[in-house]
Amino acid sequence: MILLIQYTLIFSSVLILVALGGCFSEHSGVINLGLEGIMVMGALGGALAMKYLPIAIPGFFYVLLVLLAAILFGVVYSSLLAVACINYKADQTIVGTALNMLGTAAATVLVKAINTAENVNNVSSEISYIEPKKKFIAYLGEFEFNWFMVITIIALVVAYVVLYKTRFGLRLMACGEHPQAADSVGINVYKMRWAGVLISGAYGGLGGICYILAGVSIWKFEYGVAGFGFLALAVMIFGQWKPHRIALSALLFGFFRALGNTYTVFEFLVNMKLPSTVYNMMPYIISLIVLALTSSHSRAPKAEGIPYDKSQR
Amino acid sequence: MRKNIWKTNGMQSLIASLICIILGLLIGLVVLLFINPKGAFGAIGTLLKNFMIYGKASLRLKYFGTTLVKTVPLLLCALSILFSYKVGLFNIGCSGQYTAGCCAALYAALKWGWGWFPCILFAIMAGAVAGAIVGVLKSYCNVNEVISGIMLNWIILYLTNTILSNVKEPTSPYTYQLSQYGKNALLPTLGLDKLFNNNANVTMAVPISILIAIVIMVVLNKTKFGYELKATGYNKNAAKYCGMKENRNIILSLVISGAIAGLGAALYYQTGIQQWECTTASVPGMGFNGIAATFLGGLNPIGTILASYFIQHITLGGAYVDKTMYCSQISDLISAIIIYLCGFVLFLKIMMNKAIDRIEEKKALKNEVSKEGSAK
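Chains A and B are the protein sequences, given in the same order. Take the first sequence: its letters are residues 1 to 313, numbered as in my numbering. Take the second sequence: its letters are residues 1 to 376, numbered as in my numbering.
The reader is advised that the hints may include incorrect statements.
[As the list claims (entries may be wrong)] Straight line, CA to CA, 30 angstroms or less: simulated DSSO-like cross-link-like pairs of lysine-lysine:
#1 A:K89 / B:K38
#2 A:K51 / B:K349
#3 A:K310 / A:K165
#4 B:K349 / A:K191
[Said to hold, decoys possible] Which residues of chain B face chain A? A partial, calculated answer using Cβ under 7 angstroms:
#5 L137
#6 S139
#7 N142
#8 V143
#9 Y158
#10 I291
#11 Y320
#12 Q329
#13 D332
#14 A336
#15 Y340
#16 F344
#17 L348
#18 I350
#19 M352
No lab work stands behind these hints, which were simulated from the structure alone. Note that the Cβ used here is the ideal one computed from N, Cα and C, for glycine as well.
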């Protein structure tokens with residue numbers, strides 16, 4: 001039971017972080033389908049930091065540096081989306097998909113190159129971080145408390161305050177609803193959209209490093225992040241683009257994802273003798289059903305997906 | 001006045017695609033130079049050479065055949081994405097529909113011993129059903145087709161692994177070989193294998209896939225149905241206003257799109273060239289590479305044939321790269337860069353048109369000046 005709660009919380013943390021990233025980007029008017037790739041890049045940044053940072057650094061700074069590395073990678077990578085979609089008015093769906101493919105491919109190539117350079121016979125795309133991982137975890141009895149749970153709550157509060165209580169957030173949302181109107185009162189739509197995408201890169205990067213630290217202590221970059229970026233988008237839609245509702249829906253999705261890892265401890269679930277793949281499929285099936293039931297009433301930011309063109313009415 | 005050839009859409013698409021390829025290769029080269037400056041040029045050369053690295057002509061011919069066989073599923077996935085894209089839908093669920101087709105074809109062949117033709121039909125149906133789910137969700141529940149497509153990809157992948165575990169070899173994660181247990185399902189070769197130095201995998205699949213490309217071009221450009229689909233893609237509300245059934249068109253286009261992807265899987269796996277691995281942990285890349293081929297081909301079925309061949313060519317070329325320096329994924333990296341660059345195609349075309357306009361204006365001005373001169 002404790003295991004289930006623990007996994008639910010950590011997977012929900014990932015989903016909340018990434019979905020908030022998507023939320024910022026979409027509120028500014030850019031659909032960020034590249035979240036999956038951004039997560040991979042964030043994970044890569046964090047993993048490289050854990051590989052090269054001396055383990056002697058005190059815990060707090062160590063964690064901070066790893067997080068900064070992940071955020072940096074995520075932000076830099078998301079600027080690829082921003083430059084193509086905002087300045088060159090590229091199709092946001094194509095560029096997002098390209099970023100997903102590019103993220104996994106680039107991370108694999110890079111990690112393999114690093115591994116091979118260290119040892120010619122090592123052609124794997126793995127980075128292990130058994131020791132560094134311990135810095136992210138505190139034990140409360142049996143419960144494995146992960147600092148990311150705190151980070152997520154902070155990130156959630158920050159997102160809520162920024163979006164609804166600051167001038168910047170309200171302007172950002174205006175750019176996603178009616179960019180022409182926003183422009184007419186002197187808001188620079190391009191800058192706002194850049195800000196939205198870069199913030200989503202930061203959140204996505206955080207989500208990526210959180211994801212690879214969630215269960216395992218060795219990561220194979222060939223696998224990417226198994227559709228988690230898209231699950232986060234489903235969470236965001238189910239959460240109606242609002243941070244507090246995103247948090248609640250992420251808990252639901254996180255629960256079903258955690259069930260896949262931990263169902264063997266529940267006797268009645270084991271007794272049902274369902275194949276394990278059923279539990280693997282669960283989060284995806286649930287998200288499809290939930291989306292089917294809720295999407296017809298969903299109110300997405302009105303101008304999302306449409307490149308802003310100053311000369312248009 | 002004769003139309004300026006540089007102004008035609010086809011020409012501009014071709015130039016834009018070539019620019020994307022060249023830039024993609026250059027960026028790839030830079031990445032390789034960073035990783036290991038010694039062999040970068042050689043590695044890019046190997047990617048581009050693929051089967052040409054063999055010295056013997058007979059071997060080259062054989063591996064050229066293999067490249068063609070592997071181009072078939074990529075081409076059909078690309079056509080599947082192209083077809084739905086014309087209706088304004090981005091069928092990223094193509095990978096899942098492809099997987100569904102593979103599951104259906106292999107299961108029917110290995111478990112029930114069906115012949116090749118019913119197997120193909122079954123695969124087409126499986127793909128079409130997977131496409132239909134996305135279509136229904138899109139048109140009746142307003143679910144974004146990209147997200148539902150991705151979710152279905154994973155669901156279908158896990159389902160396929162479970163179902164095909166029933167027909168797998170007891171000691172390995174692979175399904176039984178078709179050549180031993182499902183001979184009926186192997187596609188007829190029509191004598192094509194003789195052309196490629198007895199490469200038994202070259203079958204009727206190659207000409208069929210090209211035929212499908214042509215059929216799709218005709219349907220999209222020359223029929224009322226194709227016109228309706230494109231109209232729905234341009235403006236859903238306008239199409240509805242004109243009396244077209246926009247929901248039906250959306251579902252139908254995704255069904256057809258799924259069917260094409262399913263056919264692609266059947267035409268690939270029923271050559272016996274590869275077995276399904278029942279522990280596959282990620283969705284097959286065919287559908288995603290198909291996106292690259294579609295946009296690189298300038299959203300034109302004939303262009304897509306060339307683009308899919310190119311992408312498959314460099315992907316297979318990746319296998320020959322010197323493993324002590326680079327990994328085979330560099331070809332994935334380069335195709336991903338190329339898709340990213342394809343996002344700039346619109347911008348490139350605008351730039352081209354501007355340049356052409358400027359040149360034409362100058363010409364017109366010159367003509368006028370000379371006319372005035374002669375009139376005096």
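The hints, checked one at a time:
For the hint pairing A:K89 with B:K38, the CA-to-CA distance comes to about 38 angstroms; that exceeds 30 angstroms, so the pair is violated. About 45 angstroms separates the Cα atoms of A:K51 and B:K349, which puts this hinted pair outside 30 angstroms; it is violated. Between A:K310 and A:K165 the alpha-carbon distance is near 28 angstroms, which keeps this suggested pair within the 30 angstroms criterion. Taking the CA atoms of B:K349 and A:K191, the gap is near 25 angstroms; set against the 30 angstroms cutoff, the hint holds.
Satisfaction of the interface hint for B:L137 is found here, the shortest Cβ-Cβ separation to chain A being roughly 6 angstroms, below the 7 angstroms cut-off. Because the closest C-beta pair between B:S139 and chain A is about 11 angstroms apart, greater than 7 angstroms, the hint is violated. Interface hint at B:N142: satisfied, since its Cβ lies 5 angstroms from the closest Cβ of chain A, which is below the 7 angstroms cut-off. Annotation: B:V143 was flagged as interfacial toward chain A, and the flag holds, the nearest CB pair being 5 angstroms apart, inside 7 angstroms.
A distance limit of 7 angstroms between C-beta atoms decides the matter here; for B:Y158 the minimum to chain A is near 4 angstroms, and the interface restraint holds. For B:I291, the shortest C-beta to C-beta distance to chain A is roughly 6 angstroms, which falls under 7 angstroms, so the interface hint holds. Below 7 angstroms, beta-carbon pairs count as interface contacts, and B:Y320 has none with chain A, the closest being about 15 angstroms; its hint is therefore violated. Interface hint status for B:Q329: upheld, as the beta-carbon distance to the closest one in chain A is roughly 5 angstroms, under 7 angstroms.
The interface hint given for B:D332 is met, as the beta carbon of that residue sits about 4 angstroms from the closest beta carbon of chain A, less than 7 angstroms. For B:A336, the shortest C-beta to C-beta distance to chain A is roughly 4 angstroms, which falls under 7 angstroms, so the interface hint holds. For B:Y340, the shortest C-beta to C-beta distance to chain A is roughly 4 angstroms, which falls under 7 angstroms, so the interface hint holds. Interface restraint check for B:F344: the shortest CB-CB distance to chain A comes to about 6 angstroms, inside 7 angstroms, so the restraint holds.
The interface hint given for B:L348 is violated, since its Cβ lies 9 angstroms from the closest Cβ of chain A, which is over the 7 angstroms cut-off. Taking 7 angstroms as the C-beta cut-off, the interface hint given for B:I350 is violated, the closest approach to chain A being about 9 angstroms. Given the 7 angstroms rule on beta carbons, the hint for B:M352 is violated: about 14 angstroms separates it from the nearest Cβ of chain A.
Of the numbered hints stated above, those contradicted by the structure are hints 1, 2, 6, 11, 17, 18 and 19, listed in ascending order.
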